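Number of protein chains: 2
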Amino acid sequence: MTFLRQPTRAGVRDAAAKVAAILPPTPLFVAEVHGTPVAFKAECLQPMGAFKLRGAWHRLTAIAAEDRARGVVAFSSGNHAQGVAWAARRLSMPSVIVMPSDAPKVKRDATLAMGAELVDYDRKTESREKIAAHLAHARGAVLVPSFDDAWIIEGQGSAGVEAAAQADATGFGPITRVVSPCGGGGLAAGLALALPDAAIVTVEPEGWDDMARSLDAGWIEPVRDDPPPTACDSLQTMRVSERTFEVLARRDALGVAVSEAEVRAAQRWAASRLRLVVEPGGAVALAAMLAGRVAPMSGTLVLLSGGNTDLADYARVLAEEAPAALAATS
Amino acid sequence: MTFLRQPTRAGVRDAAAKVAAILPPTPLFVAEVHGTPVAFKAECLQPMGAFKLRGAWHRLTAIAAEDRARGVVAFSSGNHAQGVAWAARRLSMPSVIVMPSDAPKVKRDATLAMGAELVDYDRKTESREKIAAHLAHARGAVLVPSFDDAWIIEGQGSAGVEAAAQADATGFGPITRVVSPCGGGGLAAGLALALPDAAIVTVEPEGWDDMARSLDAGWIEPVRDDPPPTACDSLQTMRVSERTFEVLARRDALGVAVSEAEVRAAQRWAASRLRLVVEPGGAVALAAMLAGRVAPMSGTLVLLSGGNTDLADYARVLAEEAPAALAATS
Chain G
6 MTFLRQPTRA GVRDAAAKVA AILPPTPLFV AEVHGTPVAF KAECLQPMGA
56 FKLRGAWHRL TAIAAEDRAR GVVAFSSGNH AQGVAWAARR LSMPSVIVMP
106 SDAPKVKRDA TLAMGAELVD YDRKTESREK IAAHLAHARG AVLVPSFDDA
156 WIIEGQGSAG VEAAAQADAT GFGPITRVVS PCGGGGLAAG LALALPDAAI
206 VTVEPEGWDD MARSLDAGWI EPVRDDPPPT ACDSLQTMRV SERTFEVLAR
256 RDALGVAVSE AEVRAAQRWA ASRLRLVVEP GGAVALAAML AGRVAPMSGT
306 LVLLSGGNTD LADYARVLAE EAPAALAATS
Chain Z
6 MTFLRQPTRA GVRDAAAKVA AILPPTPLFV AEVHGTPVAF KAECLQPMGA
56 FKLRGAWHRL TAIAAEDRAR GVVAFSSGNH AQGVAWAARR LSMPSVIVMP
106 SDAPKVKRDA TLAMGAELVD YDRKTESREK IAAHLAHARG AVLVPSFDDA
156 WIIEGQGSAG VEAAAQADAT GFGPITRVVS PCGGGGLAAG LALALPDAAI
206 VTVEPEGWDD MARSLDAGWI EPVRDDPPPT ACDSLQTMRV SERTFEVLAR
256 RDALGVAVSE AEVRAAQRWA ASRLRLVVEP GGAVALAAML AGRVAPMSGT
306 LVLLSGGNTD LADYARVLAE EAPAALAATS
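The listed protein sequences correspond, in order, to chains G and Z.
Under this note's numbering, the first residue of the first sequence is numbered 6, with each subsequent residue one higher.
Under this note's numbering, the first residue of the second sequence is numbered 6, with each subsequent residue one higher.
Everything labelled a hint here was simulated from the structure, so no lab data went into it.
Please read these numbers as outputs of a predicted model, since none were measured by experiment.
Ideal Cβ positions, reconstructed from N, Cα and C, are used throughout, including at glycine.
Any given hint might turn out to be false.
What the hints assert, rightly or not - Residues from chain G that face chain Z, not an exhaustive set, calculated with beta carbons under 10 angstroms:
id, residue
1, 54
2, 111
3, 126
4, 222
5, 224
6, 225
7, 227
8, 280
9, 320
10, 326
Said to hold, decoys possible - Short derived list, chain Z residues pointing at chain G, Cβ under 8 angstroms:
id, residue
11, 32
12, 222
13, 223
14, 273
15, 276
16, 277
17, 312
18, 320
In isolation and in its complexed conformation, chain G is listed as follows (with noise of 0.2 angstroms):
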């Protein structure tokens, strides 16, 4: 049994402590979107590529020196799975990744270049949390969840704190709004926290809106059955937890939703004006107000969170359409 400790802004404050003692901040840059100018918080430039390092590295750390031996476990196929292994190896502990025997070689090699060890399950016949729940019970590890868990969600609201710092050195001046991508919702309810006084926008692929339908109904609505394809593999969650959920319904957080054209739009956005490789789950905050969807407003945060993708994927994304090329225009 998991003591239900709840993520606090104290616990933000620490969790970017200690961030800021072993990694430089992501860039925060500066756009004009629809002649506004927005602060962009590049986590795509993070060393494995997206913000999850953060949590992980803060959920980690609070490891007890006597249990740290006996490592930790995860499932994911993707971003939390390399944050979690980046963590881990810098700490020198074992790390256990769950992932579908079916994933796809580039992420299994990259998780394993991160000196993880990986479990494979069968995606139609096995429960990945159960096999990660025995995991852990057998080797005394600590699982690391990839959301519902107040440490990760204190340490993914360290980009909010850094954010705030670079908004007020480069002269941005104050964050309103911060506009997020959301999965299972940890960035975004770590963002709340960690600026207290900003709305907040959650922002989903169209079908994968639960969080969205939920602020709105005021209760959990997990993914309706039969949710479309989507690119925004790292948005697929298909229920948020109540520990997001409560931070960012006390916050009156909106929810929005975006097309895949969107996604794909905001993905050529950020290669031509910012010159950054930004996922499609990574991309959605950026879709939100480009599409419009979000209306442009000064001291508004867009976070880009993560630029793990496909080549092959990520070339037909740029090649769709080129209407504007790289040429800068600020």
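Since the structure of chain G is provided, determine the placement of chain Z on it from the hints.
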């Protein structure tokens, strides 16, 4: 007649202070190449997508207050044009860019968007040098060369001052070798002045390696007749200048050339490992490292000098082969 001022290390330091007053340092990323950690200076993340605003800023701020209203003139269809336009707008100075009438619309638009006035010329029948000189004379404006100028060289060198401070602060350690893209040699010469104890390597596209041949010969050799086509539009300079050549020759700089395929492989590597969009000419130094034309060595700084490239062209480069997807490795 211009006083033939020579670029100096003191001038580079002055330029670095001036640039630091208006722009945050571009990030310095450390990633392994063939097992050796290498520092990458991401000049593609400058606001206009390339290092060129450094030299332009140092040059334009050296113009006496009473002369600024008459503005500046430059000839370029690429990054230099945008750098000059960027600096002029920032100083509320008029800028005129002489550009071939068949320059890509996106480059024209980007330069116009930065507030520059465009003057067309016919690439086949007119001399841009003459047009620019005539315009400068007629308007009493200052002609800003793209590399053959002490201020421009010093300004570009500010990237080296920044990188040295970052390498020191992040524990990468002293920079003992710099590998830099080379067109006219302004960036490479500036870096040589900025880092007086480092070995200098210039990198050019095959067939356009006049700096390499000049350094080898001991005197300036222009590009031979009928050079091969290259995607590295920003490095298509027919002849380096005395100023840039002498700085590099005095430092026993080594020049190497890379193939077009090696450049494309470097663009793919930068996208997948660093999540950066790098233009062909901006990727040649990385290409030389990856292709083994420059041996891995600790303390090496590689310049990723720009990221302004047509999206459709870039998509073709990424699609060409995609053995490694964008999963992270470090």
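Taking the closest Cβ pair, is residue 320 of chain G under 10 angstroms from chain Z?
holds (4 angstroms)
Given residue 224 of chain G was flagged as interface, is its beta-carbon under 10 angstroms from a beta-carbon of chain Z?
violated (37 angstroms)
Does the CB of residue 126 of chain G sit less than 10 angstroms away from some CB of chain Z?
Since chain Z brings no Cβ nearer than about 19 angstroms to residue 126 of chain G, farther than 10 angstroms, the hint is violated.
With 8 angstroms as the cut and Cβ atoms as the points, is residue 222 of chain Z at the interface with chain G?
Check failed: Cβ of residue 222 of chain Z comes no nearer than 36 angstroms to chain G, outside 8 angstroms.
Interface hint outcome for residue 312 of chain Z [beta carbon to chain G under 8 angstroms]
Holds, about 3 angstroms.
Residue 222 of chain G as chain Z interface residue, shortest Cβ-Cβ below 10 angstroms:
Because about 36 angstroms separates residue 222 of chain G from the closest Cβ in chain Z, which is outside the 10 angstroms limit, the hint is violated.
Interface restraint verdict for residue 225 of chain G against chain Z (beta-carbon cut-off 10 angstroms)
violated (32 angstroms)
Hey, does the residue 326 of chain G contact hint survive, CB to chain Z under 10 angstroms?
holds (9 angstroms)
Regarding the hint that residue 280 of chain G lies at the interface with chain Z, is the smallest CB-CB distance below 10 angstroms?
Check passed: Cβ of residue 280 of chain G comes within 3 angstroms of chain Z, closer than 10 angstroms.
Classify the hint on residue 277 of chain Z as holds or violated, based on whether any CB of chain G lies nearer than 8 angstroms to its CB.
holds (6 angstroms)
Could you check if residue 320 of chain Z really has its C-beta closer than 8 angstroms to a C-beta on chain G?
holds (4 angstroms)
Would you check whether residue 54 of chain G satisfies its interface hint, that is, whether its CB is within less than 10 angstroms of any CB in chain Z?
This hint holds: residue 54 of chain G lies near chain Z, its Cβ roughly 4 angstroms from the closest one there, short of 10 angstroms.
Taken one by one, the earlier hints fail for this structure at numbers 3, 4, 5, 6, 7, 12 and 13, listed in ascending order.
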